[in-house]
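K.L.:
For reference, the chains in residue letters:
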Amino acid sequence: MGMRLNVNGVVHELDVEPDAPLLWVIRDELNLTGTKFGCGISACGACTLHVNGKPVRSCTVAVGSVAGATITTIEGLGAGALTAVQDAWIEHQVPQCGYCQSGMIMAVSALLAVNPAPTDDQLAASITNICRCGTYPRIRAAVRTVTAGTGGRGQ
Amino acid sequence: MITRRRFLIGGATATGALIVGYGFWPSRRLARAGVLAAQSGERLVVSWIKIADDDIISVVIPHCDMGTGIFTSLSQMAAEELDADWGKVRAETAPADPLFANGPLAEGFLLNARKMTAESIPTFLRGAVASTLGTIAGYVDLQTTGGSAAVRMTGIYGMRIAGAAVREMLVKAAAARMSAPIGAFRTEMSRVIHAPSGKSFSYGELAATAGRYSPSSHPTLKAKREYTIVGKSMPRFDIPAKVNGAVRYGIDTQLPGMVYGAIKISPVFGGKLVSVSDAPVAHNRGVKKIVKLDDAVVVLADRFWRARSAVDALAPVFDDGGNGDVSSMTIRDRHIAALKAGKIKQDLAMGIGADALKSGTVVERVYNVPYLAHAAMEPVNATALYKPDGTLEVWAATQDGLGSRAFCAKAAGIHMDKVAFHLLPSGGAFGRRLPDLWNFLTYAVKTAMVMPGVPVKLIFTREQDMQHDFYRPNVTSRFRAVVDTGGMPVGWVNDYITDDEANTEAHIVYAVSNQAYGAVKVATHVPTGPWRSVEASWHGFFVESFIDELAHEANRDPLEYRRALLKDKPRHLATLNLAAEKAGWDTPLPSGRGRGIAMVECFGTIVAHVAEVEITDDGVLTVCCVTSAADCGMAVNPDGFRAQIEGAVIFGLSAALYGEITIDHGAVVQQNFPDYRMMRLAECPAIDVHILESDAPLGGAGEPGTPPVAPAVTNAIFAATGVRIRELPIRNHALGKAARP
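So the sequence lines, in the order shown, correspond to chains A and B.
The first sequence lines up with residues 1 to 155 when you count with the numbering used here.
The second sequence lines up with residues 1 to 741 when you count with the numbering used here.
Since no wrong hints were added, every one of them can be taken at face value.
Which stretches of chain A does chain B cover? Using the computed rule of at least three CB atoms under 8 Å from a CB of chain B, they are:
| id | stretch |
| --- | --- |
| 1 | 35-46 |
| 2 | 70-78 |
| 3 | 99-107 |
| 4 | 112-125 |
| 5 | 136-148 |
Output of the computed footprint for chain B on chain A, the stretches with three or more beta carbons under 8 Å from beta carbons of chain B:
| id | stretch |
| --- | --- |
| 6 | 17-23 |
| 7 | 81-93 |
These are calculated hints, taken from the structure and not from any lab test.
By construction, the Cβ of each residue, glycine as well, lies at the ideal position given by its N, Cα and C atoms.
Produce the complete structure using the sequences and hints provided.
P.N.:
In C-alpha cells:
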C-alpha cells in the first residue's frame, strides 16, 4: 500500500490508508507540525496548505487524492527565506497566539499568487479562516503592505 | 510548605499600599534553580534573570505564552531597570518548579485585598488555590497566567524589582574590581561604566561576581520619565517563530514510540460509562487499546486519525447522571423563579439600599447572557508518559505550569516530586486552560497509566473540546432603578443569578446615592469557568445596557447621561470623552445607522467603546467600526496593548453577535464552528484604539477590552432601530423594519 507524497520538494514513500486525512499524514507521518488541527471539517482553515499552488484545507482531503501532486506547507513556503507575506506579518505584528497563522499565511499567499492586488472585498471573500485572537485588522494591514510593495524589512 | 525569604521594601504606591518585593533566595537555593534553568555559560543572578558570558540576558517568565505578548512586556520591565541593551534580551518559560513560583502575582493580589478570604480570591485563581495546597498560602506556589495580571502583578512587584536589584549587584561587582566607590559608576546598554576613568565592563564579564552578592530588598527604581524601554512598542519576541510554523504548541509534542488517544466523553456532564463493545474496532489497523474510564472511552492507536475513526465507530452507552432532562429552557425558568422567590444574598448596599424601591418611579428590566465556550484554536490536548519506575512526565499548554504539575500528581495519585511538567505555548486559552479546568490533563494521565512506558498524546476533537468545556455561565440579571423627575437614578437595585460567589463586577461606577446588590445562587450540572474578562463579561453588558435604557427613558443623550453620573470620576470621564470624541459622537448619521457607547472598568483598566452599526430594512446588521479609548495607567508596550484591545473587541463581537452554547437533554448542542460561529475577516469592523496615559497604577491588557463591546453594539442597534436587545446573542433577534417599534 505504498504511496508517494511530494511535500516541500521532498518525495516521501508512505504506508498509509488512501483515505487518511492529508493533515494528519503531514503532521504525524512527516512530523511537519506547522500545519494545524483546528476543526477537522474544513470550517476554520488552520490546516490550509498548498496543493499544486492552490489553497486546500487539508483536514478533509484524503491523502490518496493528492498522491503525485506538489504539496507545500508553511515550512516550505519561503524556500529557506521569509516571503513578503511573512515579512509583512512581522512588520505589522500580526500573530497573537499564532496557532491559526500558518493557515492564514498559506491562504493569503495563495490568493496573492493569482490576484496580486485584491480589493478589501476580494480579500474578505477569499480569506475565511478563523482567528480567535482577533488579528483580522492587522491581517488586512499586512496584506496592504504586501500589495503596495512598501514592506520595510530588508528592502 | 516552602519558606521563602521575603523582604519589605520601603515606600508606598499611589494607592498607599506597601510595596512587597519578590523574595530572593539564599545562594544554596539559587544554585539548585541554576541547575534547572541555566545552560552552560549562563548564570542565574536572581530567580528570574540570567546573564550569559556573551552578555545575553534571559528573563525567566513564570507564565505561559498564550499570545498576549507578556514575554516581551515583562522582559521590557526587567530590562528597563537593568539598563540592559534591549537587543541582547531574551525571554524563556520558567520551569514548572516551586523555585520559580510566582510570588509577586500572589503578593499583588494580597496587596489589593489586604486580607484574603475565599470570596476575595479572584475567580481565575480559585482553582490554583484549591489544586495546589488548598489554602490561601497555596498562592505562593502558583504560576498562573490569567486575570490580566502579568504586567500589573508579576511585572510591577517582580520583574522591575528583580531588574533593579541585579543592576545594583553588577555595579557592586564593578566597584569591587576597581576598588572604587559605587557612586562612581553608572550603567548603560548592558555595561557598567566607571565615570571618572571611562573604563567599563560588560554585564557578562561581571555576572559571575555579581551573583555572589545578595540582591537588595529595596533597589532604587527608575522614575517613569527615565524610561527608554518601557512604554515603547518593542517587536514581540514570539512573533518570528509564529510566521513560519516553527513554534511547538502543546499539540505539537512528538515523542519516540508515542501513541495517540481520541476520546469520547459522556455527553451529559457527570454521566458515567455504562458499557462499550470493543468489537467494531478491535482489529482496526493501528489500534492499540480501548481504555474505559469512569465517564469516557479512549481509543489508543499508532496515529491520531486511526484513533479518531475508531472512537467514532464505537457505540458507548453512558448514563445521564440524573441530568438528562435539563435544557437551556429549564435553566432559564429556574433563574426567573429564583429571582421571583427572592432568596437573595445581599452583597453590598449603599444609602437606603433596596428600600429606595419603596417610593418613586421604578424602571425594571431583566437581561440574560448565554453559556459560551472558549473555543481556542488549539483544541485541548496533553501528552503524558507514565514510566515503569512510577514517575510521570507531562507536556501540555495550560495557564499554570506549576499548578498543572500538582494537578497531574493528584490525578496519578503520586507525589509532585515524581512529576515533571513541560509547559508549552498555547494556541489560545481565554481562560480554558486555567487551574482545575484541566479535564484534558486528567484523561491524558489516566490513559497513560494504562500503558506504562508509552507516551500518550490525547487530543480532543473540536467537537469534544466544544462539548466538554467549562463555560462562561448563563446569567440572568434584574435591575430596578428609581428615577427622579429629571430621569436621573436615585436608587439602583440589582439582583443577579450566580453559580459561584457574589460578583464585585456588578457594582457600578455611576453616582447613585442608594444602591443594593444581591446574588441569587442557582447551581446546575453544567461546568462553568472563567472566560475572557470573567464576571465583567456579563455585568458589563447588563449595567451598560440598563444605564443606556435609563438615558433613553429620560430622553437624554446616553453619553451626556453617563457624564452627569461621573462627575467625581475623572479617569472614567476622560476615557468616555476620548472614545466619544474620536468616534465623532456628535456628527449626524444617515438613516439606518446608529452609534452606541459603553464603558467598563475591570482588571485595573477602563475601556470605553463607541460602536457604529448599519442595519438594512431587511434587518441585516453590519458593525461598521469600533472606536476605543483605554486608560491602563501606562502601556508597557503600546502596540501590544492595542493588539490586545483589538483582539478583545473581536472576541466580544463574536460572542455578542453569534455566541451561544445551548443545553438539550443535559448535553451541549453545539459541536463545531458551523454551529458555534466566529467572526471572520469579512465581518470584522475597523477598530481604532486610543490609549490614555494617567497616573493610575498599571492595569491589565488582555481582558478589559471585551466587556464593553456587546453593550456598545446593542446600544447602537437601539439608536438605529429602536429595538432593545436584552438577551444575547444578537442574531436571535429580528432587526428589520417589521420588528421595529
